[in-house]
Amino acid sequence: MYSAIKNVIFVIMLVFGSITYNTLQAQDSTLIEEVTEDVVAISETVTEGHHAPALTEIINEQDPIAAIMHHISDANEFHIWGDIALPLPVIIRKSDGSWSTGLSNQYHEAKDGLILSHGRIVDAQTHSAKELIDLSITKNVAMMLLSLLLLSIIFFSIKSAYQKRGVHSAPKGLQSILEPIISFIIEDIVKPNLGKDYEKYIPYIMSAFFFILINNLLGLVPFFPASANLTGNIAFTLTMAVLTFIVTNINGNKNYWSHIFLMPGIPKILLLIITPLEIIGMFTKPFALMIRLFANMTAGHIIILSLVSLIFILGENGASIGGAIGGTSIAVPFILFMNALELLVAFLQAYIFTLLSAIFIGMAIEEHHEGAH
Amino acid sequence: MLLYDAMELITPNLGLVFWTTLCFIIFWLFVGKLAFKPIARAIKSREESIEEALSSAKKAKEEMLQLQTDNQAAIKLAQQEASQILKEARDLKSAIESNAQAKAKEEATKIVAEARAEIQKQKESALLEVKQEVSKLAVQIAEKILEKELSNSKEQQDFISDLVNKLN
Chain A
1 MYSAIKNVIF VIMLVFGSIT YNTLQAQDST LIEEVTEDVV AISETVTEGH HAPALTEIIN
61 EQDPIAAIMH HISDANEFHI WGDIALPLPV IIRKSDGSWS TGLSNQYHEA KDGLILSHGR
121 IVDAQTHSAK ELIDLSITKN VAMMLLSLLL LSIIFFSIKS AYQKRGVHSA PKGLQSILEP
181 IISFIIEDIV KPNLGKDYEK YIPYIMSAFF FILINNLLGL VPFFPASANL TGNIAFTLTM
241 AVLTFIVTNI NGNKNYWSHI FLMPGIPKIL LLIITPLEII GMFTKPFALM IRLFANMTAG
301 HIIILSLVSL IFILGENGAS IGGAIGGTSI AVPFILFMNA LELLVAFLQA YIFTLLSAIF
361 IGMAIEEHHE GAH
Chain B
1 MLLYDAMELI TPNLGLVFWT TLCFIIFWLF VGKLAFKPIA RAIKSREESI EEALSSAKKA
61 KEEMLQLQTD NQAAIKLAQQ EASQILKEAR DLKSAIESNA QAKAKEEATK IVAEARAEIQ
121 KQKESALLEV KQEVSKLAVQ IAEKILEKEL SNSKEQQDFI SDLVNKLN
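In order, the protein sequence lines correspond to chains A and B.
Once you know that position 224 of the first sequence is 224 in this note's numbering, the rest is easy, because the numbers rise by one and skip nothing.
Once you know that position 154 of the second sequence is 154 in this note's numbering, the rest is easy, because the numbers rise by one and skip nothing.
The hints are simulated quantities; they were obtained by calculation from the structure and are not laboratory data.
There could be a bad hint or two in this list.
[What the hints assert, rightly or not] Below, computed lysine-lysine pairings styled on DSS-like, alpha-carbon distance capped at 25 Å:
#1 B:87 - B:76
#2 B:93 - B:103
#3 A:164 - B:33
#4 B:76 - A:200
#5 A:172 - B:93
#6 A:268 - A:254
#7 B:44 - A:200
#8 A:200 - B:33
#9 B:93 - A:159
#10 B:37 - A:164
#11 A:191 - B:87
#12 B:93 - A:196
#13 B:76 - B:61
#14 B:37 - A:172
#15 A:268 - A:200
#16 B:121 - A:164
#17 A:200 - A:159
#18 B:37 - A:159
#19 A:172 - B:121
#20 B:121 - B:166
#21 A:196 - B:61
#22 A:196 - A:254
#23 A:191 - B:37
#24 A:191 - B:166
#25 B:131 - A:196
#26 A:191 - A:111
#27 A:159 - B:44
Because the structure is a prediction, the values reported are computed rather than measured.
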């Protein structure tokens with residue numbers, strides 16, 4: 001939790017730093033005061049419980065933080081272009097136990113005591129979503145369903161390619177792109193970590209890898225129907241980490257459990273300290289998985305969006321053409337660089353998540369070696 | 001504001017947890033079991049077949065190499081045999097030649113000897129003929145010379161025959 005907050009705060013500091021620095025260069029000190037006052041004013045309104053202004057307003061009011069937060073958060077509608085958004089199905093259980101369903105565009109006017117505010121459906125009175133249980137197909141869920149469809153098409157076509165062309169002919173097309181990745185996962189992640197029964201874990205490890213990878217990649221695509229920051233969403237990483245935790249502990253053998261509750265070769269009195277530590281260790285491993293993927297993906301998105309905001313900040317939202325040109329010429333190379341880096345990170349994080357999952361499962365199913373202690 | 005956004009960011013949304021679980025389990029059970037397992041199996045059997053092909057290629061190469069050395073040995077052997085045969089032929093040839101030469105020499109000597117003997121014989125018979133002819137001539141000459149004196153005288157006739165005998 002702490003490292004996540006630290007990560008987010010660090011990036012936000014970066015944004016603040018760039019605002020201040022660039023304004024200093026471009027403008028006189030009075031403007032800095034104005035901007036600072038603006039930021040302070042916006043901060044106050046938000047902390048008072050009001051909601052951040054709509055995206056266009058945000059940019060007009062020079063608040064890159066709200067714009068960035070809006071971009072990396074989930075939404076009940078799928079923003080396409082300008083004021084056009086794809087309405088998404090809404091399924092919400094209200095605090096009184098009643099359900100409200102419909103399409104998100106029906107909630108522009110208050111419906112069932114709920115209203116669509118800046119992309120999210122909130123209580124019409126309190127303007128808060130805290131009391132609601134939102135099972136809607138949100139932007140993230142829509143992209144996840146899309147990724148599921150893509151993955152199914154890709155892998156069933158590859159499967160039929162193997163069945164049709166046989167194993168004695170060279171792979172072709174999609175098959176030849178993915179075959180090295182698949183054999184890499186099997187040879188370098190599954191086989192070295194999961195012992196002789198490794199084939200049982202191929203579906204889980206490969207599913208996790210490709211599910212994370214495709215959503216990382218779709219998250220980098222900046223337009224509809226991708227662009228949702230799904231793998232940078234704590235709910236997604238939490239679910240994936242919990243699944244690894246479940247797979248690890250369901251398959252854990254006697255040796256694994258005895259190492260947790262009755263660490264062999266240790267004086268009984270020390271077990272009072274070791275056992276609680278081992279139990280905490282069971283949870284910290286998937287917790288680290290959750291935080292790592294979340295923080296990496298979110299940080300990448302925030303950095304890219306900060307660089308985009310630079311153009312609007314320097315250009316004063318179109319008031320200063322020179323500033324906009326300057327901002328663009330600075331920001332675009334950095335954005336390109338960051339996108340290339342994020343492409344690498346997309347693969348890297350999918351790899352790390354599955355590698356660590358394989359290691360954790362491997363440790364739980366490892367056979368006991370006498371004399372190892 | 002920072003705290004507000006950060007808290008929003010790190011609070012998991014139940015709905016997304018639900019949908020992620022559903023989507024991933026569907027993916028895991030359907031694509032994972034129905035596609036990944038057969039793909040992994042296909043890749044494994046492909047690897048095995050490649051390995052097999054490689055090892056059989058290696059074996060074939062070794063066999064070829066073996067065959068090559070065998071061939072070379074056979075060629076060497078054949079060459080040795082050929083030169084042996086040639087040498088033998090040459091020896092035979094020279095033997096036959098010398099043999100033939102000796103035989104020819106022998107034959108020649110024989111022929112020469114025969115010729116010589118023949119010549120000797122011819123010579124002797126010729127000599128005999130010449131002698132007879134000469135004696136005849138001599139007799140005729142003598143007859144002609146001594147025709148008259150020899151016609152009656154017995155002493156004369158005896159003397160001549162004595163002479164003729166001496167001539168022989």
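Tested hints:
no.	hint	result
1	B:87 - B:76	holds, 16 Å
2	B:93 - B:103	holds, 15 Å
3	A:164 - B:33	holds, 19 Å
4	B:76 - A:200	violated, 60 Å
5	A:172 - B:93	violated, 73 Å
6	A:268 - A:254	holds, 19 Å
7	B:44 - A:200	holds, 14 Å
8	A:200 - B:33	holds, 10 Å
9	B:93 - A:159	violated, 80 Å
10	B:37 - A:164	holds, 16 Å
11	A:191 - B:87	violated, 70 Å
12	B:93 - A:196	violated, 79 Å
13	B:76 - B:61	holds, 22 Å
14	B:37 - A:172	holds, 19 Å
15	A:268 - A:200	violated, 36 Å
16	B:121 - A:164	violated, 112 Å
17	A:200 - A:159	holds, 18 Å
18	B:37 - A:159	holds, 9 Å
19	A:172 - B:121	violated, 112 Å
20	B:121 - B:166	holds, 24 Å
21	A:196 - B:61	violated, 34 Å
22	A:196 - A:254	holds, 17 Å
23	A:191 - B:37	holds, 14 Å
24	A:191 - B:166	violated, 140 Å
25	B:131 - A:196	violated, 133 Å
26	A:191 - A:111	violated, 54 Å
27	A:159 - B:44	holds, 14 Å
Going through the hint list in order, the structure does not satisfy hints 4, 5, 9, 11, 12, 15, 16, 19, 21, 24, 25, 26.
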